[in-house]
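**Student:** Please construct the entire structure, taking both the sequences and the accompanying hints into account.
The sequence shown: position 308 = 308 (UniProt numbering), numbered continuously.
Treat the hints as calculated values from the structure; they're not laboratory data. One or more of the hints may lead you astray.
Derived SDA-like pairs: lysine to any residue, alpha-carbon spacing no greater than 25 Å straight-line [said to hold, decoys possible]: (1) Lys196 x Arg307; (2) Lys58 x Leu102; (3) Lys254 x Glu220; (4) Lys108 x Asn30; (5) Lys9 x Gln105.
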Amino acid sequence: MIMNKSQLKTVIISGANGYFGKIAQKYFRNQGWDVIKACRDSDGDIQFDLDTPDIIAKTALEVPASLFIHAAAAHEVTCKQAPYQSIYQNVAGTRAALEFCLKNQIPKFVYISTFHVFGNPAGAIDEITPPVPANDYGLTNRLSEEYVELYNRQGKLKGMVIRPSNFFGTPAELDRCRRWTLTPLAFCRDAVEQKKIILRTPGYQQRNFVSILDLCRVIEAAVDRIDHFPLLHVAGPDTLSIRELAQCVQRMMKKHLHQDIELIIPAGNLLTHQFSYTSRYLADIYTPKDRIENSIAQLCIGLNKRRYQYAS
1 MIMNKSQLKT VIISGANGYF GKIAQKYFRN QGWDVIKACR DSDGDIQFDL
51 DTPDIIAKTA LEVPASLFIH AAAAHEVTCK QAPYQSIYQN VAGTRAALEF
101 CLKNQIPKFV YISTFHVFGN PAGAIDEITP PVPANDYGLT NRLSEEYVEL
151 YNRQGKLKGM VIRPSNFFGT PAELDRCRRW TLTPLAFCRD AVEQKKIILR
201 TPGYQQRNFV SILDLCRVIE AAVDRIDHFP LLHVAGPDTL SIRELAQCVQ
251 RMMKKHLHQD IELIIPAGNL LTHQFSYTSR YLADIYTPKD RIENSIAQLC
301 IGLNKRRYQY AS
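**Tutor:** Right, dumping it as structure tokens:
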């Protein structure tokens with residue numbers, strides 16, 4: 001298939017109205033891409049409902065596109081609350097997205113997975129570490145990865161699986177964000193609204209954090225070399241324990257808003273088993289640089305401003 005100039009810069013983003021999707025839309029538009037929104041909401045360019053994968057697979061595009069980023073999925077909370085529906089949405093939904101690409105001759109497919117495919121990891125984790133999912137969220141992502149791998153092996157399209165660590169970023173629309181269960185977002189909202197952050201555990205478990213904007217930069221940089229990177233881990237420059245993350249929010253609230261935040265952290269022993277999230281290939285593509293404390297400051301300021309707007 002011969003692609004025209006416009007087609008080379010056209011990306012479809014599923015889950016376009018989600019936390020990742022809204023930030024990704026803005027990023028790719030700013031980089032000169034035409035963005036097609038695929039979502040279940042009425043303002044989408046393509047109707048994309050994971051509950052009806054058969055319809056997704058048969059949908060015909062009116063304009064050509066060269067890249068599909070699949071970010072629509074049932075997240076970890078939904079997988080726990082509605083496991084059977086989530087299995088259907090995540091796994092059948094991914095297969096339907098792949099079939100949609102075949103029907104519409106979209107040559108490149110990027111699947112946004114998660115480090116949760118490793119379940120309860122220890123030691124250094126990279127692309128050759130065997131996944132061992134520990135729950136429905138991890139397993140449905142792993143099964144979706146395997147569908148991308150299958151279509152790759154069959155030569156149907158060029159697919160890439162991206163496994164980010166914990167991603168962060170200020171939501172594009174605070175009032176429409178539905179991912180307040182994510183730890184960085186939850187801590188910032190609790191700090192602004194409750195003036196305290198309560199941890200359920202001693203918080204010694206470490207997590208790596210990568211910004212959504214850095215994740216988008218990685219995708220854009222890697223997509224022209226997709227043949228060489230069918231699987232890519234994406235980690236950021238900050239690795240913090242959960243208690244260190246809470247302390248970071250506390251510092252940013254004091255520095256930028258001059259507010260004292262109480263931290264309530266139960267006592268407990270240090271963890272003996274930690275893990276590091278690494279990549280064998282990321283340095284050859286792009287090195288994420290966004291620091292989480294800057295995002296925390298921006299989010300706390302935005303939440304505080306919104307709080308006072310509602311109060312007035």
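**Student:** A separate judgement is required for each hint: does it hold in the structure or not?
**Tutor:** Evaluation of the provided hints:
no.	hint	in the structure
1	Lys196 x Arg307	holds, 16 Å
2	Lys58 x Leu102	holds, 10 Å
3	Lys254 x Glu220	violated, 36 Å
4	Lys108 x Asn30	holds, 21 Å
5	Lys9 x Gln105	holds, 15 Å
Going through the hint list in order, the structure does not satisfy hint 3, though it satisfies all others.
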